[in-house]
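Residues per chain are reported as follows:
2 protein chains.
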Amino acid sequence: MDHTKNNGIAGRLTALRAAMKENGVSWYLITSTDPHASEYVCAHFQCSAFISGCTSDNVRILISDEKAWLWTDSRYYISAAKELSGTEYILMKEGLPGVPSVPQFLKENCVPADGCASVLAFDGRCVDAGRGLIYRKTAEQCGLSVNGSLDLISPLWEDRPALPSHPVRIMNADLCGSTAAEKIADIRADMKAAGAKLLLLARLDDIMWLTNLRGGDVDMNPVALSYAALTEDALHLFIQPSEITDPVRKHAAENGIVLHPYEDNEDSIFRFIEKEGHVPVMLDSSAVSDALFSCAREYAPKLIRRMNPTTVRKAKKTAAEITSIRRYYLQDSVAVCKFIYRIKKWAADPDAAPMTELDAAALLDGLRAEIPGFQGLSFATIPAYGANAAMAHYAPVPGEESTLQREGFLLVDSGGQYEGATTDVTRTIALGPLSDEMKRDFTLVAAGNLRLLTAVFKAGTNGSQLDVLAREPLWVNGIDFGHGTGHGIGFVLSVHEGPQRIAPFRPGSGSDLPMESGMLTSDEPGIYRENEYGIRTESIVLTVPYAENEFGSFLTFECLTFAPIDLAAIDPDYMDSGDIARLNEYHAQVYEKIAPYLEEEERVWLADATRPL
Amino acid sequence: MDHTKNNGIAGRLTALRAAMKENGVSWYLITSTDPHASEYVCAHFQCSAFISGCTSDNVRILISDEKAWLWTDSRYYISAAKELSGTEYILMKEGLPGVPSVPQFLKENCVPADGCASVLAFDGRCVDAGRGLIYRKTAEQCGLSVNGSLDLISPLWEDRPALPSHPVRIMNADLCGSTAAEKIADIRADMKAAGAKLLLLARLDDIMWLTNLRGGDVDMNPVALSYAALTEDALHLFIQPSEITDPVRKHAAENGIVLHPYEDNEDSIFRFIEKEGHVPVMLDSSAVSDALFSCAREYAPKLIRRMNPTTVRKAKKTAAEITSIRRYYLQDSVAVCKFIYRIKKWAADPDAAPMTELDAAALLDGLRAEIPGFQGLSFATIPAYGANAAMAHYAPVPGEESTLQREGFLLVDSGGQYEGATTDVTRTIALGPLSDEMKRDFTLVAAGNLRLLTAVFKAGTNGSQLDVLAREPLWVNGIDFGHGTGHGIGFVLSVHEGPQRIAPFRPGSGSDLPMESGMLTSDEPGIYRENEYGIRTESIVLTVPYAENEFGSFLTFECLTFAPIDLAAIDPDYMDSGDIARLNEYHAQVYEKIAPYLEEEERVWLADATRPL
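Protein sequence lines, in the order shown, are assigned to chains R and Z.
Just so we're aligned, residue 888 is where the first sequence starts under this note's numbering, counting upward by one.
Just so we're aligned, residue 888 is where the second sequence starts under this note's numbering, counting upward by one.
Same shape as in the complex, but just chain R (with noise of 0.2 Å):
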């Protein structure tokens, strides 16, 4: 997509508002998931970057015959400003106040006048059915027509990208600690207990899961465009045909598992449920597309919504997928290690080349490469220097990065795909000279990483509760972040996953679940100020028992990244006895597990590094 076009933009627009005219449409809406309620989406699906030119990942678009409006979230207020300049849309950051949410806006401007007839439309395919029930129900107050299988964008995009097609592969059940078959008989067992008989599932990381499959469809997500269908019988699998293979129809065989051709249009999954619908179906409305939603509707005489039972399972991570991810956390926290240590020499030495933060991207995402197992990243690395950082999903655009200075600091945000984990690791490296201002700011930030990293809780004290640990040190002082502080992480899939979520308390959006025994989640607090600089630190913590006693059963977190937090930023007059001692033993803890993979040269470095306050 090129997005410094935008002439292409103004032509796309009065393309679209002449078929909104010959359909009778009066207000058309686009979002930016595929029909998999998918975060990360593949070329083929990306209607919201071709109507409006903004690549954000969380979208809502509104057009009308005369205006055009793009909603995004904070991560993207910066990024999108840019995109859109010199289009006629409307950039509404969702979350400020006094903007209106799409439904509020609805409300607001789109009630039609006495007698008119006014239409809502949408393509329900790329809209997620929780989303899509809102617009609905909205539009029915506000005595909106609603059709809600109107693409009108495919008939306008003429180089539209085709579905990928990769081959899919084989998890080894060793790997996993369980075979599809045997996680098709727990899920069926959980349907059982909720009185369904056909499970409908369509994010791509639920189904990649359960079938123990894995794909490249979607950039840096191994996963393959798919649905499932479960019933008492089978798993019923739509996947591409060009996608399987051999030994891939054996494993399907093997495991129950029988094969359906994917569609473009869900056609196939369609026609299925026509046929085997008419049972009560189980069904997650925020996983599944308004499209498919409307179809499960229409045939089930119940339908059973609540979150799907692969997401939770799929979050409690199996004791051979604990062996396999602390190995390559490792190895990747190695690689961050190594890289720490050339961006510090390059940072001590006034005569090396310049560099920039593709530059150092490039050196992180090569040391990654080098590690056996490494399938690609997890993520495009964030490579942020100086006010970059303070936007918390910044991309350098090519030929637009910063040159990195001695001074002030660089936030590196990065992860790895591995044939054994998916990682996620942030270290905010210190390039030179420091104001006082940030030597706080980074101590706090450390303070926080590093209670809630060795929190001891409750059974059942969920993520809400935990993030206060995190934000505590920052709140003393009047700052606060505007991001979670933890999400899930996939087992070689996303790298954000759920069902949990260490954040401020929303009910519904997983800081209200509770955190249980074998969960991998970030801990990520950060501060940001704009225009001046951005500093975050992650590390990621597996939840393990701790003890089981008179007065309950307690939980903790083992920590499986092991960097540096750099100690030249760290102001210990902003910490307590008790915060120098954690940084100190989690500064002792990454020398005895990096060193014995470093150089002498790197090994000298990081005892420095890793030196106790």
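It cannot be assumed that every hint is accurate.
If chains are identical, the list can't say which one is meant, so a pair holds when it fits in one copy or spans any two.
Claimed, not checked - Below, computed lysine to any residue pairings styled on SDA-like, alpha-carbon distance capped at 20 Å: (1) K1024 <-> L1037; (2) K994 <-> K1024; (3) K1345 <-> G982; (4) K994 <-> A1080; (5) K1345 <-> N1364; (6) K1137 <-> K1231; (7) K1345 <-> V1363; (8) K1345 <-> P984.
It is worth saying that the hints were derived from the structure and are not from the lab.
Given chain R, put chain Z in place with the hints provided.
Frame of chain R; chain Z shown alone:
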């Protein structure tokens, strides 16, 4: 109630079973509440104590033709077992694994045999509507018929105490910061926003708050038995005419309050609903009786069920209330400090006369009684020595109380009702040598109390999130306590009031509601070791603004309780430098606030008791 005569209980059960048989009732249910969903109940409504001898606050009883079961919670396991001994009652320890709740028990044990009729009956006036709805639904699922308006206790209870009747008094609007008419206007605005035309209130503290009246019908709770029905035109107050004085009549007229008689059997409010209830009615099913709820449902075209709007407004104290609260809490704290001084002096003098738990309580109660504006206790002082303190709601039975020894801990939980405040405070006092474990536990409780006390938090943070700050030092040591960390406190009203609650996460319990500015809440972690000792440190905190900046709004707590935390029981090895700084800072405040009110000898003691570590 003489609950040593357990033969009396047997006779009552025989008579009750005869009445059940006569009325065709298979299962009769009795709870410990009154028609106002009160926690503390006047003698007239203590039906559960009459029929069982058990005086706990939180009881449910189920009687069959052969057996009798009594449910209560962990605070009362020990006292209930004592009170029920020698009766046929089976004690159901609610909350223990394997102990079914009443609805679970009904499902497991009360399903009638095929073709048999079986009736569950209760007096819906003395069951709250929330529970009543659950019992009715469960009975339906079991195939039981329900009779929710069968009072079988009154006919048996020959010497039943009459309804209490004490004159009500008027709270000065200057002290409350708001007239009754102003409060009524605010609540009418809440009703309008919710589309309600009639609000039904049965909870006594809600009604007292709204009318700026106080009564004396429930021991230590300055409330008058009453109902209120708020319409667009008037506040209809149902109250015993014997309680009304001329000034109250004038106050009512000035504030748009229309007086109606209160009747034991709820008849007057039922007749009112029959006449005026044909409109959308707002009520809180946890705050009205099953009978009142059923009556409203019969006539209202629509029930708007939600928390009473009075509850949140009452919890956020006005500036005038806060001024008064600060003043009385200081005087109350002075009494507590003088008490600790006397106890410490007694403990240091081997020749001093023996002192029992009840002597200690009398000493403290006497000191409180000297405070100008003292109106009584806010609950019966809990003076728990040694192992007695392991029972969180211990009440010494006269004649069976413990005599203090010059070793171990004395836990004292107490509070007063004053003209301008309701107080609550707990301190645990070392009377002599302590084991290392006692010191460790005491230190962890102090650390937890102080971490919560000094918390800073983002606006919107709820009580379950703050709860972990108090528990974390205990959890790290594999210890926990079974009660909440903090409850709300009324203004010259209930010592326990909602809606906020600092406690483990449970949706709907109040721990999921944000802690708001102006709320008054306890901070009372503890550690209880059965048959050994109990420790609790409780101070009361007021939520106040902390900062407002680009990161948002932050709140913190202002501590209102000033009494030393016993340094003789502190082991600094279990504190980090932050904990020590917080303790020293708190003690410096205690000295500064309290010293001016002490005699020289007391002042010298306090200086030592609050010395920096």
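Now for the hints, and whether the structure bears them out:
1. When the C-alpha separation of K1024 and L1037 is checked against a cutoff of 20 Å, the pair qualifies only within one copy, where the shortest distance is 18 Å, while the shortest distance between copies is 45 Å.
2. For the identical chains of this complex, K994 and K1024 are intra-copy neighbours only, at 11 Å inside a copy versus 38 Å across copies, given an alpha-carbon limit of 20 Å.
3. In this assembly of identical chains, K1345 and G982 lie within 20 Å of each other by CA distance solely across copies; the values are 16 Å between and 33 Å within a copy.
4. In this assembly of identical chains, the alpha carbons of K994 and A1080 lie at most 20 Å apart only when taken from different copies (18 Å versus 40 Å within one copy).
5. In the homo-oligomer, the alpha carbons of K1345 and N1364 lie at most 20 Å apart only across protomers (11 Å), although the nearest pairing inside one protomer, at 28 Å, exceeds that limit.
6. Taking CA atoms no more than 20 Å apart as the test, K1137 paired with K1231 passes in neither setting, with 51 Å inside one copy and 81 Å between copies.
7. Proximity of K1345 and V1363 under a CA criterion of 20 Å is satisfied inter-copy only: 10 Å between copies versus 25 Å inside one chain copy.
8. In this assembly of identical chains, K1345 and P984 lie within 20 Å of each other by CA distance solely across copies; the values are 16 Å between and 36 Å within a copy.
Hint 6 from the list above is the single one not met by this structure.
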